[in-house]
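Chemist: What follows is each chain in one-letter form.
Protein chains: 4
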Amino acid sequence: MLVVMSQQATAEEVDAVVAAIEGKGYTARPIPGGERVAIGVLHNKGAVDASHFLGLPGVKEVIPVTRPYKLVSREFQLEDTVIQVGDVFIGDGDLTLIAGPCAVESEAQCLKIAQIVKRAGAHLFRGGAFKPRTSRYSFQGLGEKGLKILAKVREATGLPVVTEALDTDTFGLVEDYTDVIQIGARNMQNFSLLRRAGRSSKPVLVKRGLAATIEEWLMAAEYILESGNTQVILCERGVRTFAHHSRNTLDLSAVAAVCKESHLPVIVDPSHAAGRRDQVIPLSRAGVAVGAHGLMVEVHYNPEEALSDGAQSLYPEQFEMLCREIQAVFDAFQPSGPVRQKKT
Amino acid sequence: MLVVMSQQATAEEVDAVVAAIEGKGYTARPIPGGERVAIGVLHNKGAVDASHFLGLPGVKEVIPVTRPYKLVSREFQLEDTVIQVGDVFIGDGDLTLIAGPCAVESEAQCLKIAQIVKRAGAHLFRGGAFKPRTSRYSFQGLGEKGLKILAKVREATGLPVVTEALDTDTFGLVEDYTDVIQIGARNMQNFSLLRRAGRSSKPVLVKRGLAATIEEWLMAAEYILESGNTQVILCERGVRTFAHHSRNTLDLSAVAAVCKESHLPVIVDPSHAAGRRDQVIPLSRAGVAVGAHGLMVEVHYNPEEALSDGAQSLYPEQFEMLCREIQAVFDAFQPSGPVRQKKT
Amino acid sequence: MLVVMSQQATAEEVDAVVAAIEGKGYTARPIPGGERVAIGVLHNKGAVDASHFLGLPGVKEVIPVTRPYKLVSREFQLEDTVIQVGDVFIGDGDLTLIAGPCAVESEAQCLKIAQIVKRAGAHLFRGGAFKPRTSRYSFQGLGEKGLKILAKVREATGLPVVTEALDTDTFGLVEDYTDVIQIGARNMQNFSLLRRAGRSSKPVLVKRGLAATIEEWLMAAEYILESGNTQVILCERGVRTFAHHSRNTLDLSAVAAVCKESHLPVIVDPSHAAGRRDQVIPLSRAGVAVGAHGLMVEVHYNPEEALSDGAQSLYPEQFEMLCREIQAVFDAFQPSGPVRQKKT
Amino acid sequence: MLVVMSQQATAEEVDAVVAAIEGKGYTARPIPGGERVAIGVLHNKGAVDASHFLGLPGVKEVIPVTRPYKLVSREFQLEDTVIQVGDVFIGDGDLTLIAGPCAVESEAQCLKIAQIVKRAGAHLFRGGAFKPRTSRYSFQGLGEKGLKILAKVREATGLPVVTEALDTDTFGLVEDYTDVIQIGARNMQNFSLLRRAGRSSKPVLVKRGLAATIEEWLMAAEYILESGNTQVILCERGVRTFAHHSRNTLDLSAVAAVCKESHLPVIVDPSHAAGRRDQVIPLSRAGVAVGAHGLMVEVHYNPEEALSDGAQSLYPEQFEMLCREIQAVFDAFQPSGPVRQKKT
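These protein sequence lines map, in sequence, to chains H, E, L and U. Per our numbering, the very first residue in the first sequence carries number 1424; after that it's consecutive. Per our numbering, the very first residue in the second sequence carries number 1424; after that it's consecutive. Per our numbering, the very first residue in the third sequence carries number 1424; after that it's consecutive. Per our numbering, the very first residue in the fourth sequence carries number 1424; after that it's consecutive.
Computed, partial: chain U to chain L, Cβ under 7 Å:
id	residue
1	G1478
2	T1557
3	S1558
4	E1645
5	Y1646
Once the Cα atoms are required to be at most 35 Å apart in a straight line, the calculated DSBU-like pairs of lysine-lysine come out as:
id	chain 1	residue 1	chain 2	residue 2
6	E	K1541	E	K1568
7	H	K1483	E	K1535
8	L	K1683	H	K1447
9	H	K1483	L	K1483
10	E	K1535	L	K1683
11	E	K1625	E	K1571
12	E	K1683	U	K1447
Because the hints were derived from the structure by calculation, they are not lab data. Note that beta-carbon positions come from the ideal geometry of N, C-alpha and C, so glycine has one too.
Please work from the sequences and hints to get the whole structure.
Modeler: Here it is, written out as structure tokens:
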């Protein structure tokens, strides 16, 4: 941490800040500049709370230097984390495709969609049994009945399943049925839920919050790792900005930045980012091209009748086109040239 | 809802959309314009899901008209909701002041601050026992021990207390000890928690989410009302924008807009909006001047040593100045002229 | 500037960064911390370009310390700048009120509105002769004819006038007729226009850009001061965020921050921030309460027929109410107690 | 336009709105719904100003339906606009690559970089002679001397050149030397400059403003088309959001949306979006994959010494890698399969 003093700060004020820093058990190192003094805070373990110094007389600014997370950082673990789900690997250098309807509506619906997406090339099946809905009056999901349908889909198709856990009360139930547990964007800073996920033995997919910095996103993942579960997948799904041509603004530089900063795999959800079908394929290609480890896409054979988010669900033939295009894009820029196979 | 057709839409496409609308049980009313046709969707109860129509051929745009909430709206209840907490009223036309430390640190700390803020004019005491922290490594609150300290503060000072419930697991515990239950900004769309709050007999203070529209904020409150608890207070605490001179951007037009749209009382939290002490008093005056029903402010006698958010906590003498200034501002623009007393 | 090295940075990489810093003529001071090395850059005059060092091997981050502006800073001039326009002072501790229609439409319209706002208490008259319009097909202003009308208003009422200069081509014309030259939000980084304004002998009112940080806003003002004109007034008019209940989000903490950082006077434009009439009075009160030196408000006796921005223009009786309320708020929180008079 | 009435609106209020609409020469069509009345505004040519109706008693909301632009819309011209610059085509289905340094620094620098980027595959050369700089104290460009250097580059390499025109004063000078005239992000709503560009016979590249909606961006282009110049290229370069891991947030869904809405070609500038070298190649691949018609990329052989934006400039060998990767991505997802050649 660096404490920047005002140009008018007196020597006494500088001394008082030095004393405050040392009073906290840190080492203070004043750095006299041309126009003002700055004071380095050294020998701290982990991040120092800026508020201790921000209000002191003569202090102009306090600048953090140390990263506030540790276990998720490449400085802690240099090699990529690879997640295994059944026979599927996420983050191993190949592209992982998760697909399915927004919400589980019925067994017939899920089986039909699962067969469609499996045939087209998906590796995992997604579907919401517990749905977070902005409106109290929207369809809230089938609950446990939906989880049982997901289990049948896995049995029938061999596809591992991904579904969201909404709260600690139903976490155990979700955990019993699913292969990957999703923490939704609205729950990214639901710390009780993150800690519960950290005690799970199943991989956890953490969506980026609507207005989360990548630092906050990584700190959410840190909660899970710190509680003992290192199997975390990150998912970029767009952030809220002033723009309205898409429901959210897909932030692909975040994928590049997180891949550099963290060893955890990162996938992209173009469906929730776009909120409209016609942008899903272009954004999927872009997500693969930027270097994401996978995609999570919504598909429905009858989106007009879908109980949730139909407007962003692809028709089956669109999903097939998506699979062809993203595989081509993925193969194109991989240094190795020939198409590698998933380790299945 | 209004379905806007493309200029190139054919008569057949218009007919198909009309059929789709009527197939859902609504009434379709085509409105031929100069350049294109728009189709009104009538006789819906509550909001219609845009996704049913957005992907149909020839459809350019779908525009919602009906509000997605009901119970919180002034169209449902014209008169202001007034919340009673002990002898204090919130939303009755007077100004309610909630003050205290960010976190409960010890009994001595809380009693000392409570006496300071009571003497200066606060009506309720605030303090966090369960703290939502972005970093796993920050102080997480004293938990039940903190709740017991809050109960002692109430006993010693007569001030009702406000504290946050973080999850459904500890909600009952918080409910047992506190007078007003706070739902934090990060939990504004934790729907399980909102439903639990809806089954409480205690008033609930709902902070606006970091990137929540006022519609989403009101829909979060709607969850609580719909579950049976009509005692809801809204709290504006700043939203996330590109700006960095304050931690968040306090959105005071939201206070004006919500007061017009909803009958629920709205208070302002200048401390979390600013994130820095020197803006708290000006923003408090502004919050009162815009017409908020109250303020929630952080105070600490030794902010440098505070375990949480010290940089935004006012010194006792600053809080006294704040009380004088906001009361003067409040009195100044009230039509009634003379200073009215809280009904205590 | 502080160059933060990665934890894995080698001693050679640190040495190379030190050499690069010294190669630029600065002094490098390595600060070994517990986990990593940071290197202070000293003896620079003004801001150092981060890009020189950001790409070097082992560099994790580059953190600026020095402010990139100078003349506008309180570190350069501690005392408030007071602007004199005719007999009116802006920034002298009293409240300055600028009012008038969005656009100059006719002589009759302007004279009528000017008499209304003068009687209610306005100190300056505003009205656009050259209008920046997002749409090519909207009313673009009366041009020089409008400027002549403004001159007649001044003659008839004694009110100094404020109007916008859109480009360098018409700047001289505007300068000839007006008392204060406005630089609009869209032109905040039109550097040719800023430099031209810097060569004017008239005061310049610089609106904050739609997505400008306060640093960029101050740097825009710095262009004007550096070119020789120290008579600059800043105007906060809302920034663009995800929120839609108002046209822009009025950022009142920016007023507090800028008043601390700079000696220039700051006023608030609630009309463009709100974009809707019903929020203008509450936001005006808030703007005064936060400590702004004045307000700029749109008024029209027939806003339904206004050629520009009618929806945000106050009716005359609303403006009179605004004047009463803001004066009361202003008087309330001033330490001096009794109402001070403008030095007129 | 649709005027939505409040649930409580009386029949008299509805009648008054109908009368106001018809008083403007439009046709009013009331649409009684289950809960409230909405009134369609018909037979308007172009957009109607919402402000005429927003403030009337009983009006809850006014919703625009007609698009505010015309000439840039696919509803006006269905086929793609293809821009020819020398022998290069932009928007013809192939990928166009513009590359060069941020700023023209010297003839030797430009010639060297031009040879590098031409050899690697660039079709046009870029370089700033007049530089818009946030700080008055930053390098402002070589001016006409820089333009002459650009002309020499064209002569020496055959590459057409792109450079920015900052203001109407120097527009003619820029126009004389360059092949494509750039309007920068800060000038996207400099309407005088846009109108001047509309009178040019050279193609104009319009960068999206820092916080511009795609509607505003298209309306900026509309200014140019309406003034007579149909040769407009749009350039997405990132927008300002709360995120800091990149300088701006590249908004690739905007590319998809604009390509659907408008017939104008759209290119992507990954360098200004990222603001840091390590994200430029991934974002370039993503820009191509989303379907942009081209890229504009900054390259420098010695970015540490660059006078402007060095931190985001690619090294020559990185640019060569970029060319290989984007061509592979482009070829991969084109339906036609084999690599098509630029029509040169």
